[in-house]
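Q: So you can see what is in the structure, the chains are spelled out below.
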Amino acid sequence: MSDPLYDPLVWLILLPLAWATLAFVLGPGHGAWPAIAGLTAQWGLAFDLAQKVGSGGAANHVVGGWGAPLGIDLAVDGLSAAMLLLTQTVALPLAIYARSYFKSDDPAGTWFWPLTGFLIAGLNALFVSVDLFNLYVTLELVGLAAVGLVAAGGGAQQVAAALRYLFATLVGSGAYLLGVALIYGAYGTVSIATLLPLVTNDSPRLVWIAGGLMVAGLMLKTALFPFHFWLPPAHGGAPAPVSALLSALVVKASFYLILRLWLGPLQTVLPAFAWLLALLGAAAIFWGSWQAIRAVKLKRLIAYSTVAQLGYLFLIFPLLAAHGALQAGVMQIFAHGLAKAGMFAAAGVLIKATGQDTVAGLAGAVERLPVTMFAFGLAGMTLMGLPPSSGFLAKWLIIEAALAHGHWIIAVVVLAGGLLAAVYVLRVLRQAFLLTPASATLTPVPRMLEWSAFALAAASVLLGLRGVELMQLLGAMA
Amino acid sequence: MSTGFVFALAGAALFALGVAGVVLIGHLLRRILAFNLMGSGAFLVLVGLAQRQDVADPVPQAMVLTGIVVAVAATALALALVRKLHALTGQLELPDDVDE
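Going down the list, the sequences are from chains A and B.
Taking my numbering, I'd label the letters of the first sequence as residues -7 to 470.
Taking my numbering, I'd label the letters of the second sequence as residues 13 to 112.
Misleading hints may appear alongside valid ones.
Residues from chain B shown here face chain A by an in silico Cβ test under 8 Å; the list is partial [what the hints assert, rightly or not]:
# : residue
1 : L29
2 : L61
3 : P72
4 : V82
5 : A85
6 : D109
In case anyone wonders, no lab produced these hints; they're calculated from the structure.
Think of the CB as a built atom: it goes at the ideal place given N, C-alpha and C, for glycine as much as any other residue.
All chains, please: the whole structure from these sequences, using the hints.
A: Written out as structure tokens, the structure reads:
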């Protein structure tokens, strides 16, 4: 840590930028191997960093030797270390998956590698930023790269989905930027650490407006009900590896930022909105699940499931004062991130094999693609919250915190959401267990696709058995 | 009322106009223009509010420069996508989203 050249913090941002640029220089469709090598190294760095932070060390870095306010400071605590670890853990198997998914002549994969690299660099930079303005810049980097990935398919529906997503994400970050402007106007700083005592001492009405604007903008970017309109077409229409990256990681980035503001500088202001967010979260669970139950297309179903699962994250806000609510939220981020990446990856295999994207067309899939359907089932287990999956642990922790506070209504919502998830997951599984119609032909798919989807889904279940380490990591930040 | 505060008020008004434009207008080019209006509004608030006794503060000016770069990149991406959509469908409005 003393030598800035070997600081893992910096390399977590530089490495993806490097392999993204290399992939761009190599040309259309190239760059899979540098990406996989880079991500492997990044995973090692993130793991190392998490261990260091977990055992009580903190990590920070002053970019270029220029300190705040003119320079940029980077720092890592338990929450950011956990998010960094999740990002690399999800991205690495997805990179292996995408290498087999995009054939060399597939137009959808033309710029997948550079865009993914810039996306990961943006995410990593976001998780280590400690001032509100730098967070805005990284948020935009993530948003623009994600829009590019959605449009990569090239069809009219995909371009339209990308534009809809672009406008939503720009309005969201615009509102966030206006909030930052108001906060700078009130206090003359954007550093999270400096703001904390200032806002706690004195918060004029301007800061309330700023807090409202920032949270509203980030809600739009997180696709919280009723701002979810852009998510199903964008996540449902993109190629499977892109959908997986977006659902697992990108929407979590803006949620992370809400959490960061809530626990940090705006902790005296934002709790006034706690029940509003929880109410919208509950509405998201019911509306998203209902739409998933009705969806015709498989990937639409999974995208609406993301809308529902994001709802759980917002249920923790009225409980954040209690011990364990933050842990519950982060466990849900991990559970959903791994499970949804696995589920979209499995859906990609099913679509490639059956040649179409409807739930009805899955008849006979269990017989022909047992590994993929097993992966889908494992991911579904996590979404439903069955033990011993990490989804079970997350929901258990939310219910425990809710009951400790006497807010039993939140516990009821969590249980009802689990039942609704069971309906849409079992709807897919039931169809897959039907006997194969005589006419159906399956295209053979590479083994690697099936097994990388399986690895992600299995990780989401197995994390339930290793939850203690994650809790300890978060404990290090308190 | 200081000059800075007038700038900030004008910025807030521009921002509101811009958001209304992005949300309400169907024509995609106009929506992109509206987004730029919104961004300029936020920049004006950032620079205007930070002026104390009409002395300019360099930090928000540096931020606005960064913000302009981001806005230009976003505008370029939006224009490229609109051109692509126009080439594919001949339309300059977003088609309805259907799950079929």
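Q: If a hint holds in the structure, say so; if it doesn't, say that too.
A: For each hint, the structure was consulted:
no., hint, in the structure
1, L29, "violated (12 Å)"
2, L61, "holds (3 Å)"
3, P72, "holds (6 Å)"
4, V82, "holds (5 Å)"
5, A85, "holds (6 Å)"
6, D109, "holds (5 Å)"
Figure legend: structure checked against the earlier numbered hints; the only hint not met is number 1.
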